[in-house]
Amino acid sequence: MSDISLTVNGKRVSGAAEDRTLLVHFLRENLGLTGTHVGCDTSQCGACVIHVDGKAVKSCTMLAVQASGSNVVTIEGLADGADLHPVQAAFKEHHGLQCGFCTPGMIMAATDMINRHPEGLDEATVRAELEGNICRCTGYHNIVKAILAASETMSSKGKAKQAA
Amino acid sequence: MGIEGVGARVARKEDRRFITGAGRYVDDMVVPGMKHAAFVRSPHAHAQIKKIDVKKAKGMPGVIGVLTGKELKADGIGNLICGWMIHSKDGSPMKMGAWSPLAFDRVRYVGDAVVVVVAETKGQARDAAEAVDITYKELKAVVDAPKALERSAPQIHPEADGNLIFDWELGDSTATNAAIKAAAHVTRMKIVNNRLVPNAMEPRAALGYYNKAEDHYTCWTTSQNPHLARLVMSAFYNVAPENKLRVIAPDVGGGFGSKIYIYPEEIICLWASKKTGVPVKWVADRTESFLTDAHGRDHVSTVEMAFDKDNKITGLKVDTIANLGAYMSLFSSCVPTYLYATLLSGQYDIPTIHANVRAVYTNTAPVDAYRGAGRPEATYLLERTMETAARELGVSPAELRRKNFITSFPHQTPVIMNYDAGDYAASLDAAMAAADYAGFAKRKTAAANRGKLRGIGLSNYIEACGLAPSAAVGSLGAGVGLWESAEVRVNAAGTIEVLTGSHSHGQGHETTFAQLVNQRFGVPIDSVSIVHGDTDKVQMGMGTYGSRSGAVGMSAVAKALDKVEAKAKKIAAHLLEADEGDIVIENGALKVTGTDKSVPWFQMALAAYTAHNLPGGMEPGLKETSFYDPSNFTFPAGCYVCEVEIDPETGVTEIVQFVAADDFGNIINPMIVEGQVHGGVAQGIGQALLEGTRYDASGQLLTASYMDYAMPRADDLPSFKVSTSNTPCPGNPLGIKGCGEAGAIGSPPAVINAITDAIGITDIAMPASPSTVWAAIRATKH
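Protein sequence lines correspond, in order, to chains A and B.
Each residue of the first sequence is one higher than the one before, starting from 18 at the first, in our numbering.
Each residue of the second sequence is one higher than the one before, starting from 40 at the first, in our numbering.
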């Protein structure tokens, strides 16, 4: 067993877990943050994507102890209170989800993607960079649409901020 | 249409919880005292169990119980069954082999559950499962359906001689043979429909909780039809009587058919909870899902299509071998029979059809309905054959189809179905226009100049869904009725709850069902709650599959709304001292037509519950129930066009455009309907290009993870061009046909027709992966 302490969604948390415990299981079982999902055993599906120190990470591919001292954001911590994050809002507006199971990972991966491309995104880039996230319901059509729309919103907000 | 009414593009009510991580799936459920199950599964495709030694496992840390099939049998838990009786053409009933939830004498596929371990943690349960020592005597295995029918094949079940489950036929053999004999041209093909793994993103899971104090069971499970699960677990598997068993299917992460069936694990979690005295949760890992979720398709067929000298189809003869895997899953028998051969007329006027279907046991995972279920197999067979026929006859594939379309309705096919409405030429025209079919030749030349092979393919599908008229399916062998129920509760303050037997696992019922209520009463959709997925809350219902939630589930809601409306008008008429025939409902109020007298909806509702001033003899309250049984199947149809460009150097196929033109009847929410088409088409393209389920000769599943089984990724697919041209369905009060399966049914032949067109060959195996395509191109050069 190891003691683990880290910041999750802005709160300091700590707990003990077996050394073999994956970060995703620590989040789900120790912290009760069940928005992060497990969809495969091989780090392919991306349902477990979270942000660790500002980068998108598959939380099934990291041991909980490795995250000790890190700053973690999960899907539960993305919205600003009652206000949805622009990526969350775009997924709703463009019907970018059906069963909702891959959605948290999709949104976390998309947010990271948009952050890494402040210059904006095109369809081919979005499709290529979604390679690590599998959706079985939507055929990706509306996910791609939602990410492009969110990218627009976020870059125009960024520009508005800069102008101000 | 109001902004939240029928036909409006309303954003989904349910989305907020999913996009904020607040969805509640079975694996998210925690019950006090809950422990974890792990299954010991057969590593062999076919073996005798000589000995099961659980001593070491029982002594492992955290272990609460290690349970075997002998204990299960001793407690009277029943075998799993197939609930649809098919009779062979000699009149004999299908040969169903015994399927114990835990195998105790023989295992028949890799993944067959043998022992369950319950422990404090998931990790401890897995550690202990590895310590269970089972001695097997391996037997010869067979995975390929035609080979399973050979004399030398191993016998899998004592009940099914030669591994033959049934040898069934439909249609007129004599007339069809005569048509082929007299034909001016016969197109002959061998058609293989590849085995697929459904792969809902949420793995299957179950949480069983036996409450000793109340002698009552609760099962949270990933089900498309919780009521059916309760019925089957009670009536056939002897887990608990229905009144002592509550089944809850909370948020479910996709189903596509694979979560219709009742699997061993949910039975065992309930039974193990009683045995061990603790709530027991099991969640499949992805490899377990690959091994044990019911697979789809896996047909091998030959087809002969006869034409007269005017290129009119005069007959169709089909011979199919269907692989049902190691055991008969719940609805497995109806998929290659009544959901398949009844659609072999397609959109075409074919005077005579004969289909022969042999269903076969093999040492592979059970096969059952997967999105489309039988109809994709029929469509693939027909539309591949039409394409080949057009090429052989030297005519345009579009015109050959058009010439043979059914154009007047109702139309009785020679294979049971009576098509009620449709306009197949309208969908064909719409699809060809959207795809700029006329400009294809130019694009092909341009591609050739870049060294690429360009091809175009059509597919005109029809499906029977809105499953299904109970008496009709009963006469065909179904063990259940396929009606649906709804209860509409108007609360005292005017808000509304709709309780439905349909189950949403991505389809958006919480929004679309509320739109139906909004349309009728003007109540905002936020004031309408849709309750589903819990047998303690909702009256008996039949669940969601076969594109039935709109056509059947919402029709039940509409019928219940009729009753609510009638009573509400009576109350309003009484309050307004008017004739009930003069009451109309507009903008959230009940009005006396032609006057300014009205009563707000909520006041009428309150009056129903205060009961201070109701019409004489009227019972208080405002709550109505309906059980709706459809009068016919519904017949969505459409035309898909796929255009591909192939790099001959690498064999990589790029889908440069995919057009879908569908006829779904009336539409409640176009945004959701389009989403269903996108997802279905993606699965169909997955079947055609990517998804190959491979067993080796010894029965090991080689494609049991996402590293080995190619799921469609975003960069494998284009954005889709979808449209609808709708003819309302005359068979239900809402005119809905259903849209859930069309994409997966119509798309595979369009893709393969395009690829074979590009390469200039007759056939290519699915999935047409780059290596397969590359080899096919090479073969044309030698």
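In case anyone wonders, no lab produced these hints; they're calculated from the structure.
Keep in mind that the hints are not guaranteed to be accurate.
In the BS3-like style, the derived pairs of lysine-lysine whose C-alpha atoms are separated by at most 25 Å in a straight line are [said to hold, decoys possible]:
no., chain 1, residue 1, chain 2, residue 2
1, B, LYS109, B, LYS229
2, A, LYS162, B, LYS760
3, B, LYS220, B, LYS251
4, B, LYS760, A, LYS109
5, B, LYS602, B, LYS576
6, B, LYS598, B, LYS576
Cross-check of the supplied hints:
| no. | hint | in the structure |
| --- | --- | --- |
| 1 | LYS109/B <-> LYS229/B | violated, 45 Å |
| 2 | LYS162/A <-> LYS760/B | holds, 13 Å |
| 3 | LYS220/B <-> LYS251/B | violated, 70 Å |
| 4 | LYS760/B <-> LYS109/A | holds, 21 Å |
| 5 | LYS602/B <-> LYS576/B | holds, 21 Å |
| 6 | LYS598/B <-> LYS576/B | holds, 20 Å |
Checked against the numbered hints listed earlier, the structure breaks hints 1 and 3; every other hint is satisfied.
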